[in-house]
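Once you've looked at the hints, dock chain B against the given chain A.
2 protein chains.
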Amino acid sequence: MRIAITAPSTAITPDDAEAVQALAAMGYGELELIFDPQCFASHGHFAGDDARRLKALVDMANRSDIDAIWFAKGGYGACRIAAQAVAAMGPAARGKAFLGYSDQGNMLAALYRDGFDHVAHGPMVSDINRDRGDDAILRALDWLVSRSPSTLAPELRHGTRYAAFNLMTLSMLLGTELEPDLAGHMVIVEEVSEYLYAFDRAFFHVASNLAARGAAGMALGRVSAVPENDRPFGMEAEEIARYWCAKMGLIYGGRMNIGHDADNHVVPFGLHRAG
Amino acid sequence: MRIAITAPSTAITPDDAEAVQALAAMGYGELELIFDPQCFASHGHFAGDDARRLKALVDMANRSDIDAIWFAKGGYGACRIAAQAVAAMGPAARGKAFLGYSDQGNMLAALYRDGFDHVAHGPMVSDINRDRGDDAILRALDWLVSRSPSTLAPELRHGTRYAAFNLMTLSMLLGTELEPDLAGHMVIVEEVSEYLYAFDRAFFHVASNLAARGAAGMALGRVSAVPENDRPFGMEAEEIARYWCAKMGLIYGGRMNIGHDADNHVVPFGLHRAG
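Chains as they are written, first to last, in my numbering: chain A, 1 to 275; chain B, 276 to 550.
Isolated chain A, as found in the complex (with noise of 0.2 Å):
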């Protein structure tokens, strides 16, 4: 089996490939990891210019001896190319999976919303460099490699729609060219250093146009590192959660084990077939 990992956001290092690959030569010795060059380079923000990271994806996507792309690192910038890269995705890339958070829902949404079959949201390379990483690159590969269902947050319940999100990621493609069809859908955010006034702000974003476009509801993952404000916002993170779904007539589905950390699990999108 072969899994191909491009950057379509932010770089990362040598360092962090090598480590993964010792990884998975401990673990899954059948496994091949194909780290395209693109991953390591770098213009202004990005892991090399808009046309660079889009060539780098769309390539290995649609090779035919490649089974997987799992996503480097989130970050920013697969907006910029997401729509792009995935009209360009021939039949051999709709076979594959495709792994990856963050700002990498950008292109979970795009392919998603373009009818592929294996999108999930989880755990990327750079997760390597958490504390108990190693238990999060285990995790995604076996994901990938075995659909383990193990890897899975624990809560998905047996046939319900999922798709998964970083909360600020989601809000800032609702009405784009990415915003996938998500009515029905138990849709599952997560956030990381933001404001409790901004989570409140993209939650009231989020739940009206989920709301209006017909979602089922929202269930939360982790609120981490929020950072401390001048005065305490007068709410926590679920509070919030509750407060917009009642507010939007959203169904609030409760915690799920995602987040930006070690702990992270999957999340295919999608209808979910416990078993």
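Hints listed in this document are in silico derivations from the structure and should not be mistaken for laboratory results. Predicted, not measured: the structure shown is a model, and the values here were computed from it. Heads up, some of the hints might be wrong.
As the list claims (entries may be wrong) - Computed list of lysine to aspartate or glutamate pairs in DMTMM-like fashion (alpha-carbon distance at most 25 Å, straight line):
| no. | chain 1 | residue 1 | chain 2 | residue 2 |
| --- | --- | --- | --- | --- |
| 1 | B | K522 | A | E177 |
| 2 | A | K247 | A | E179 |
| 3 | A | K247 | B | E469 |
| 4 | A | K247 | B | E511 |
| 5 | A | K55 | A | E179 |
| 6 | A | K247 | B | E514 |
| 7 | B | K330 | B | E307 |
| 8 | A | K247 | A | E155 |
| 9 | B | K522 | A | E18 |
| 10 | B | K330 | B | E452 |
| 11 | A | K55 | B | E514 |
| 12 | B | K522 | A | D181 |
| 13 | A | K247 | A | E194 |
| 14 | B | K522 | B | D389 |
| 15 | B | K330 | A | D49 |
| 16 | B | K522 | A | E30 |
| 17 | A | K247 | B | E430 |
| 18 | A | K55 | A | D67 |
| 19 | A | K55 | A | D114 |
| 20 | A | K55 | A | E32 |
| 21 | A | K55 | A | E177 |
| 22 | A | K247 | B | D340 |
| 23 | B | K522 | A | D49 |
| 24 | B | K522 | B | E511 |
| 25 | A | K247 | B | D389 |
| 26 | A | K247 | B | D324 |
| 27 | B | K522 | A | D114 |
| 28 | A | K247 | A | D181 |
| 29 | B | K522 | B | E469 |
| 30 | B | K330 | B | D290 |
| 31 | B | K522 | A | D59 |
| 32 | B | K330 | B | D340 |
| 33 | B | K522 | B | E454 |
| 34 | B | K330 | B | E430 |
| 35 | A | K55 | A | D15 |
Chain B alone, transformed into the frame defined by chain A:
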């Protein structure tokens, strides 16, 4: 003439009010500024809880002995009450002028959406604390009292429809019950204290949505207090604005004299008629 001040988002201090009263007393003998005590209230992040902020605004807007509503300050919170506030406003409110910016973009949007005729983006009471803040306060009063043309952003053109917003505020109200019809408008945006990658992301979101709604174009106020990131973004704010306007088929309307500073000039919403 009587102008009422309420704070749909965060609070000002009695010192702010006193300083602005002193300025008004020197220049405008006939003018009465009525600060609702809600302006100084505190509830977590907000100038009083949602119900209190809502009541203060609606009560003042519906008083027939008051000519204008001047928003005290931005921050965050207006999106939580804006739609309900406008829905509770009667005929006496419709003749009034409303002035503010930043988070009050939520109020301006909801008012303009509902057909209010005297809605404008411009300085607020809290601007008294800026360097040369007196200029901003006097400009606001000149517009509220006499609609003096010298208060307007000098770039406004006769025959063009305008609206003006903080970019992130506009981003977060798109697709919600606050979004006004901006078809055919030149939409001016300004930004403060956002990383350039976040500015780029929000510009993608806003330009995509405005193009889909048939807006004419986007123009750019000041983009100030940009935090330094761990690496340079690679494009300046105006380059970003030009890029997304071109990509989305919007006219780029150039620079406008608005922003989070004392030079912030007034932009009335709707069709601009010079002279």
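Verification of the supplied hints:
no. : hint            : in the structure
1   : B/K522 - A/E177 : holds (12 Å)
2   : A/K247 - A/E179 : holds (23 Å)
3   : A/K247 - B/E469 : violated (29 Å)
4   : A/K247 - B/E511 : violated (39 Å)
5   : A/K55 - A/E179  : holds (22 Å)
6   : A/K247 - B/E514 : violated (39 Å)
7   : B/K330 - B/E307 : holds (21 Å)
8   : A/K247 - A/E155 : holds (24 Å)
9   : B/K522 - A/E18  : violated (38 Å)
10  : B/K330 - B/E452 : holds (20 Å)
11  : A/K55 - B/E514  : holds (23 Å)
12  : B/K522 - A/D181 : holds (23 Å)
13  : A/K247 - A/E194 : holds (22 Å)
14  : B/K522 - B/D389 : violated (31 Å)
15  : B/K330 - A/D49  : violated (51 Å)
16  : B/K522 - A/E30  : violated (44 Å)
17  : A/K247 - B/E430 : violated (41 Å)
18  : A/K55 - A/D67   : holds (18 Å)
19  : A/K55 - A/D114  : holds (19 Å)
20  : A/K55 - A/E32   : holds (21 Å)
21  : A/K55 - A/E177  : holds (20 Å)
22  : A/K247 - B/D340 : violated (34 Å)
23  : B/K522 - A/D49  : holds (16 Å)
24  : B/K522 - B/E511 : holds (17 Å)
25  : A/K247 - B/D389 : holds (21 Å)
26  : A/K247 - B/D324 : holds (16 Å)
27  : B/K522 - A/D114 : holds (21 Å)
28  : A/K247 - A/D181 : holds (22 Å)
29  : B/K522 - B/E469 : holds (22 Å)
30  : B/K330 - B/D290 : holds (23 Å)
31  : B/K522 - A/D59  : holds (24 Å)
32  : B/K330 - B/D340 : holds (17 Å)
33  : B/K522 - B/E454 : holds (23 Å)
34  : B/K330 - B/E430 : violated (37 Å)
35  : A/K55 - A/D15   : holds (23 Å)
Comparing the model with each numbered hint stated earlier shows that hints 3, 4, 6, 9, 14, 15, 16, 17, 22, 34 do not hold.
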